[in-house]
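Visitor: Work out the full structure, taking the sequences as your base and the hints as a guide.
Numbering (the numbering used here), first residue to last: 5 to 70.
Keep in mind the hints are simulated off the structure, nothing from the lab.
A hint or two may mislead.
[Claimed, not checked] Simulated pairs of lysine-lysine, DSBU-like, Cα-Cα distance not exceeding 35 Å:
| no. | residue 1 | residue 2 |
| --- | --- | --- |
| 1 | Lys-28 | Lys-57 |
| 2 | Lys-57 | Lys-20 |
| 3 | Lys-20 | Lys-52 |
| 4 | Lys-57 | Lys-21 |
| 5 | Lys-52 | Lys-28 |
| 6 | Lys-52 | Lys-21 |
[As the list claims (entries may be wrong)] Pairwise CB distance ranges (calculated):
| no. | residue 1 | residue 2 | range |
| --- | --- | --- | --- |
| 7 | Lys-28 | Glu-70 | 18 to 24 Å |
| 8 | Gly-31 | Gly-60 | 17 to 23 Å |
| 9 | Lys-28 | Met-5 | 17 to 23 Å |
| 10 | Asp-6 | Lys-28 | 16 to 22 Å |
For every residue, glycine included, the Cβ atom is placed at its ideal position computed from N, Cα and C.
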Amino acid sequence: MDYAGIRQRLVDARGKKSQTEVAKDLGISVSSLSMYESCERIPRDEVKEQLAKYYGVTVGFLFFGE
Numbered sequence: 005m006d007y008a009g010i011r012q013r014l015v016d017a018r019g020k021k022s023q024t025e026v027a028k029d030l031g032i033s034v035s036s037l038s039m040y041e042s043c044e045r046i047p048r049d050e051v052k053e054q055l056a057k058y059y060g061v062t063v064g065f066l067f068f069g070e
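Guide: Right, here's the structure in full:
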């Protein structure tokens with residue numbers, strides 16, 4: 005798995021929004037989002053779908069670079 009790519013795509017997708025803002029909008033903790041962005045944890049499939057929908061991209065793009 006391309007962890008560096010995942011990390012970069014998640015951070016880029018968040019853009020100028022803060023981790024706090026995105027976490028609140030998605031109903032997840034800031035620490036979880038931070039761990040996803042640093043690839044310390046990979047989110048469950050449901051959370052992957054939430055993130056992709058929120059950022060307006062596909063799960064395949066965010067997590068697999070497709």
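Visitor: A separate judgement is required for each hint: does it hold in the structure or not?
Guide: Hint-by-hint comparison with the structure:
1. Lys-28 x Lys-57: The given pair, whose Cα atoms are some 15 Å apart, holds under the 35 Å limit.
2. Lys-57 x Lys-20: This hinted pair holds, its Cα atoms lying about 17 Å apart.
3. Lys-20 x Lys-52: holds (20 Å)
4. Lys-57 x Lys-21: At roughly 15 Å apart (the allowed maximum being 35 Å), Lys-21 and Lys-57 satisfy the hint.
5. Lys-52 x Lys-28: Cα-Cα ~16 Å, so holds.
6. Lys-52 x Lys-21: holds (18 Å)
7. Lys-28 x Glu-70: 18 to 24 Å: violated (29 Å)
8. Gly-31 x Gly-60: 17 to 23 Å: holds (18 Å)
9. Lys-28 x Met-5: 17 to 23 Å: Violated - the Cβ-Cβ distance for Lys-28 and Met-5, about 28 Å, lies outside 17 to 23 Å.
10. Asp-6 x Lys-28: 16 to 22 Å: violated (28 Å)
Checked against the numbered hints listed earlier, the structure breaks hints 7, 9 and 10; every other hint is satisfied.
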